[in-house]
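S.K.: Residue numbers (my numbering), protein chains in the order written: chain X, 1 to 201; chain W, 1 to 201.
These are computed hints drawn from the structure, not numbers from a lab. All values reported here derive from a predicted model rather than from experimental measurement. Honestly, I wouldn't trust all of these hints.
In this list, chains with the same sequence are indistinguishable; a pair is considered to hold if it fits within one copy or across any two.
To be verified - Derived BS3-like pairs: lysine-lysine, alpha-carbon spacing no greater than 30 Å straight-line:
{"hint": "1", "residue 1": "K149", "residue 2": "K161"}
{"hint": "2", "residue 1": "K85", "residue 2": "K6"}
{"hint": "3", "residue 1": "K161", "residue 2": "K6"}
{"hint": "4", "residue 1": "K149", "residue 2": "K163"}
{"hint": "5", "residue 1": "K33", "residue 2": "K56"}
{"hint": "6", "residue 1": "K145", "residue 2": "K33"}
{"hint": "7", "residue 1": "K56", "residue 2": "K85"}
{"hint": "8", "residue 1": "K6", "residue 2": "K163"}
{"hint": "9", "residue 1": "K145", "residue 2": "K85"}
2 protein chains.
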Amino acid sequence: MERLPKRQRHQQLSRLIEENPFLTDRELTRLLKVSIQTIRLDRLELAIPELRERLKMMAERSYDSVRSLPLHEVIGDIVDLQLDKSGISLFEIRDEHVFSRTGIARGHHVFAQANSLAVAVINDEVALTASADIRFIRPARLGEKCIAKAYVRSSGSQKGKAKVEVFTYVGDEMVFQGNFVIYRSAGVTEAGGGEAHENRH
Amino acid sequence: MERLPKRQRHQQLSRLIEENPFLTDRELTRLLKVSIQTIRLDRLELAIPELRERLKMMAERSYDSVRSLPLHEVIGDIVDLQLDKSGISLFEIRDEHVFSRTGIARGHHVFAQANSLAVAVINDEVALTASADIRFIRPARLGEKCIAKAYVRSSGSQKGKAKVEVFTYVGDEMVFQGNFVIYRSAGVTEAGGGEAHENRH
DNA sequence: CCGGTCATTGGCACCAGGTATCAATATGAA
DNA sequence: TTCATATTGATACCTGGTGCCAATGACCGG
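Input sequences plus hints: build the corresponding full structure.
M.R.: Structure, rendered in structure tokens:
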């Protein structure tokens, strides 16, 4: 008995299903040239669930992520907010935020947390980022919890610009620092490429 | 015959399935207090596919979006790249990039395009954003095509820092401008919060 | 050569969650 | 009453499986 074929087939099976989870057992028989029973035994050994379960898992995952992705709104959980004064937000670096080769968070996520907070802390109908001066002090890595603290330095409470300083820490290490200038003016649509915010109290 | 109940039920059915696509017909009978045949006639009239088809569609959608989201790698299509000199990338503002209320692109996407390009244009094993000074000149809006142009100003070809200037246009209007300082050094993991890049030629 | 152990295959019953179709009943309006 | 529509019931069939039992093949040690 060639013992190899089985291990090889298992590897192939895993690979096939990983790169196309929509394959039925019947389709797999054609690809691997073994009986459907063998396919099923293999799936059993490899703990690969049946097609319908795979689809369900994918659907659930995407459903959850749609529900849990305020990625398009504010990035990071804002845990404290004193309008026109200061704010704090938390953001955990997860798989989807890092560059897989190095485990280092992509810069724009760290930036986005700070930017979201800077915009949220401004007490106006619409707030847009006008400019920013940012520094990545050290890389944030997979699993780290980033704590961003924003301080409004110059509120410009009449319509105009506000300056917001943001510091992002992992533990007591600073990973990011940024100075943001935020346009504040209801209905402004001509300047600023940032986002309006939803965090009105 | 109460004609309303049917329309009402149809509305309820649509709403129920929209907010929980994982419901089987049997579960729906309990929720709507009608027979399973009625549920099936209703789905037929409303063109709501069966559970398994719904799950499959969701799985396909999420699978496609995983495939088509280079969102985690380089943002924007790099159409021209002269290492250590200059580069051009294109990025179209789509639904998922804008703040729905205003149709204005979220700042971090515009930033991310520029950041990705600044990192890509640097000819080194690993390149990380160290700092940046950015300006959002005017908002980018849904449907607009952003053209980012990067110029390496000070290459620092020995290991160290490189300065990259990026201008982003929509048509001939400038929407964004940024000065990036990029760390260049193989194996550097102590500074820079940006991303290493995949665009080696 | 013989038995033992895997690996592979076949066959059958069964299941969920349906589709498709036909028939029976209820209900209300003309 | 009669007709149309709505609802329900019943049955056959489908896909993509699980679970179980049995038959066959291959190889190895004694």
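S.K.: Against each hint, give a clear statement of whether it holds in the structure.
M.R.: Okay, the hints, checked on the actual structure:
Proximity of K149 and K161 under a CA criterion of 30 Å is satisfied in both settings, with 19 Å inside one chain copy and 28 Å between copies. For a Cα distance limit of 30 Å, the shortest separation of K85 from K6 qualifies neither inside one copy, at 65 Å, nor across copies, at 52 Å. Taking the shortest Cα distances, K161 and K6 never come within 30 Å of each other, neither inside one copy (68 Å) nor across copies (52 Å). Taking CA atoms no more than 30 Å apart as the test, K149 paired with K163 passes in both settings, with 14 Å inside one copy and 28 Å between copies.
In this homomeric assembly, K33 and K56 come within 30 Å of each other (Cα to Cα) both inside a single copy, at 27 Å, and across copies, at 26 Å. With identical chains, the CA atoms of K145 and K33 are never at most 30 Å apart, being 48 Å at best within one copy and 48 Å at best between copies. Proximity of K56 to K85 under the C-alpha cut-off of 30 Å is found in neither arrangement, the shortest distances being 46 Å within a copy and 48 Å between copies. In this assembly of identical chains, the alpha carbons of K6 and K163 never lie at most 30 Å apart, being 65 Å within a copy and 55 Å across copies at closest.
Proximity of K145 and K85 under a CA criterion of 30 Å is satisfied intra-copy only: 23 Å inside one chain copy versus 36 Å between copies.
Of the numbered hints listed earlier, those contradicted by the structure are 2, 3, 6, 7, 8.
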